[in-house]
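Everything in the sequence shown is counted per my numbering, starting at 1 for the first residue and increasing by one.
Everything labelled a hint here was simulated from the structure, so no lab data went into it. Heads up, some of the hints might be wrong.
As a list, the in silico EDC-like pairs of lysine to aspartate or glutamate whose alpha-carbon atoms are at most 20 Å apart [as the list claims (entries may be wrong)]:
id	residue 1	residue 2
1	LYS153	GLU21
2	LYS260	ASP185
3	LYS95	GLU127
4	LYS57	GLU35
5	LYS57	GLU127
6	LYS70	GLU127
7	LYS70	ASP47
8	LYS232	ASP185
9	LYS24	GLU6
10	LYS195	GLU218
11	LYS175	GLU117
12	LYS70	ASP83
13	LYS195	GLU213
14	LYS175	GLU26
15	LYS153	ASP60
16	LYS175	ASP257
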Amino acid sequence: MISFEEALRTVLDSIKLLGVEDVKLENLSGYFLAEDLIAPFPSPQFDNSAVDGYGVKIKDLQGANEVALKSLRLVNSIAAGSDLPQQIQSGEAVKIFTGARVPSSCEAVVMREFSTESNGHVSLGYEPTAGENIRRLGDEFGEGANVLSSRTKVSPPVVALIASFGRTSIQVYRKPSVGLVVTGDELVEPGQQLKPGQIYNSNVYGLRAAVKELGITECKQYLSRDTLEETKQKFQEALSASDIVISSGGVSVGDHDYVKEALESLGVKTLFWRIAM
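Can you make the complete structure from the sequences, with help from the hints?
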């Protein structure tokens, strides 16, 4: 008899990786990456504004505060997706929106909350620091960076990251198929009428729900009566059709417990049999 922790280590040490397949974005969640995710370009790809506000030169706003406002001439506005950023001269400002490219002539972006617009000018009561509210090219990572390693679980944020690289699919490890074998003459499917001595076949549905919660969709269930031949038959069917077989019942030392004998007759290797819980 071994501990639960030792049993878990034994199982994890004995498993093999399944095959690799290419899966599209909309079906990726729950898989594990079979390749490193390499950045095809830096992120951000260009200097962009972290806020809605005004691109300015630092010198023009020296000493500015809520009392001592500085007025700058508005020369244009730049929206996200704009291809030609507007350059500015001293004494000028450009309205800029979150995510828009920041012109190289802008040294900082002042948040809109510190501004008042009037007659083609903007009054600003804030003295920014160099680079304030500007997300610089490559701040997050550079081109060629290993952003995610193989075997990373694909969560919704990971799907979004893959899509942000322009990918429509990626190599992942195939999800395992699971077979659930339950044994017992006393078991009756939910919805049927119970006879004396019978109980409902509930464990298999709890196991199935646990499997589904892991993101595994291919799951079959097999119900065996308490005979050696039928137990062998159900395990043979499950082993032939599944990557993982989970059983419930029939593992004690009673006259009708045939799971161990059935598995041994099918050539299944025993790594451990009992766990101290």
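Going through the earlier hints one by one, which of them does the structure break, listed in rising order? Going through the list in order, the structure violates hints 4, 7, 9, 10, 11, 12, 13, 15, 16 and respects the others.
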